[in-house]
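**Student:** Sequence:
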Amino acid sequence: MTNLKLILILVGMVFSSVSFSQVEDIKSSIENDKHSKPIRYEGTSSVRSCCSHSSYSDDMDLGESLLAEIVFGVVKGVGFITIEAQRTALENRDVIPNLISMETTLDYGTTFQDITFNPSLRLNWGIFATDFRYALLHDNTGSLESLDWQMLVARIPVKNLKLNYGVGFTSIMSPKTSYFESSAGFDLNLFESTLNFNANYRWTERKSEKRYRQELKFTGDVEVLNNGRLHLSPMVGVTYQEYFNRDRYLLFNVGVKMRIF
Numbered sequence: 003m004t005n006l007k008l009i010l011i012l013v014g015m016v017f018s019s020v021s022f023s024q025v026e027d028i029k030s031s032i033e034n035d036k037h038s039k040p041i042r043y044e045g046t047s048s049v050r051s052c053c054s055h056s057s058y059s060d061d062m063d064l065g066e067s068l069l070a071e072i073v074f075g076v077v078k079g080v081g082f083i084t085i086e087a088q089r090t091a092l093e094n095r096d097v098i099p100n101l102i103s104m105e106t107t108l109d110y111g112t113t114f115q116d117i118t119f120n121p122s123l124r125l126n127w128g129i130f131a132t133d134f135r136y137a138l139l140h141d142n143t144g145s146l147e148s149l150d151w152q153m154l155v156a157r158i159p160v161k162n163l164k165l166n167y168g169v170g171f172t173s174i175m176s177p178k179t180s181y182f183e184s185s186a187g188f189d190l191n192l193f194e195s196t197l198n199f200n201a202n203y204r205w206t207e208r209k210s211e212k213r214y215r216q217e218l219k220f221t222g223d224v225e226v227l228n229n230g231r232l233h234l235s236p237m238v239g240v241t242y243q244e245y246f247n248r249d250r251y252l253l254f255n256v257g258v259k260m261r262i263f
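Taking this note's numbering, the leading residue of the sequence shown gets 3, the next gets one more, and so forth.
Any given hint could be a false lead.
[Claimed, not checked] Taking lysine-lysine and the DSSO-like style, the derived pairs with C-alpha atoms no more than 30 Å apart in a straight line are:
no. : residue 1 : residue 2
1   : Lys29     : Lys212
2   : Lys178    : Lys29
3   : Lys29     : Lys209
4   : Lys36     : Lys212
5   : Lys178    : Lys212
6   : Lys178    : Lys209
7   : Lys36     : Lys209
8   : Lys36     : Lys178
[What the hints assert, rightly or not] Have a look at the derived ranges for each label pair, beta carbon to beta carbon:
no. : residue 1 : residue 2 : range
9   : Arg89     : Lys178    : 41 to 49 Å
10  : Phe130    : Asn247    : 31 to 39 Å
11  : Val97     : Leu125    : 17 to 25 Å
Just so you know, these hints were derived from the structure itself, not from any lab. Where a beta carbon is used, it is the ideal one built from N, C-alpha and C, also for glycine.
Kindly produce the complete structure, drawing on both the sequences and the hints.
**Tutor:** Right, dumping it as structure tokens:
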């Protein structure tokens, strides 16, 4: 990984000797964000304070019991729907083979001044998936590295379209810290998955007034090799990243995707 990282950095430096992006500024903002006080929402505490002084305790008990029954019913209903949706998805595997699949991606991005390298692994199982990637951002001020894991991704298959929503975290290597991260997007598979498009939006939690990172990415790939269960596709795309509402990158991506299903 070290040699590969060095090669990618040297390739990026060939395009331009001057960079206007500031990885070191982002890392400095991360340090400040680590020590900032979390955002407080006063509305909730005010309501609690008001309710704690209420004289209608019996009505509150009745209301809480009713609310508990409603919540239990909703959870039970969602659980039933989820189980049935997963069962139906797995039964349709012959129609949509990639519902159960493994996908690896080698993704290189550049602004011709900065570079990114994002190898990733994704496992799909019916209406669920998990997605793990290594993220490197480099410019002339330094490198920013993180491990991003969308631990649970819920997928809603609609014929050739899959809508995705995921939750997980990003763990930054230096300075050492982590953020909860969510994602939403879609996968569109055409012509028996020989032409594929993907759009994905990621956003981290707010520890302070500004988010560590927001990312919008769009890619397309065309299958050039189909060797039984192995499918190989070159990929192109574009990525927009924003750090702390200040440092912005517009990157052009090239890479390769390998799918097994």
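**Student:** A separate judgement is required for each hint: does it hold in the structure or not?
**Tutor:** Structure-based check of each hint:
Note on lysine 29 and lysine 212: the hinted pairing holds, with a Cα-Cα distance of about 14 Å set against a maximum of 30 Å. With a C-alpha separation of about 10 Å, the suggested pairing of lysine 178 with lysine 29 holds against the 30 Å cut-off. For the proposed pair lysine 29 and lysine 209, the alpha carbon gap of about 15 Å is at most 30 Å, so the pair holds. As the CA atoms of lysine 36 and lysine 212 are separated by approximately 12 Å, the hinted pair is consistent with the 30 Å bound.
Proposed proximity of lysine 178 and lysine 212 is supported: the alpha carbons are some 18 Å apart, at most 30 Å. Taking the CA atoms of lysine 178 and lysine 209, the gap is near 15 Å; set against the 30 Å cutoff, the hint holds. Between the alpha carbons of lysine 36 and lysine 209 the distance comes to roughly 8 Å, so the proposed pair stays at or under 30 Å and holds. Our distance criterion of 30 Å between C-alpha atoms is met by lysine 36 and lysine 178, whose separation comes to about 9 Å.
Distance hint check for arginine 89 and lysine 178: the Cβ-Cβ separation is about 42 Å, which falls inside the suggested range of 41 to 49 Å. The hint said 31 to 39 Å for the Cβ distance between phenylalanine 130 and asparagine 247, and at roughly 33 Å that hint holds. Against the hinted window of 17 to 25 Å, the Cβ-Cβ separation of valine 97 and leucine 125 comes to about 20 Å, which satisfies the hint.
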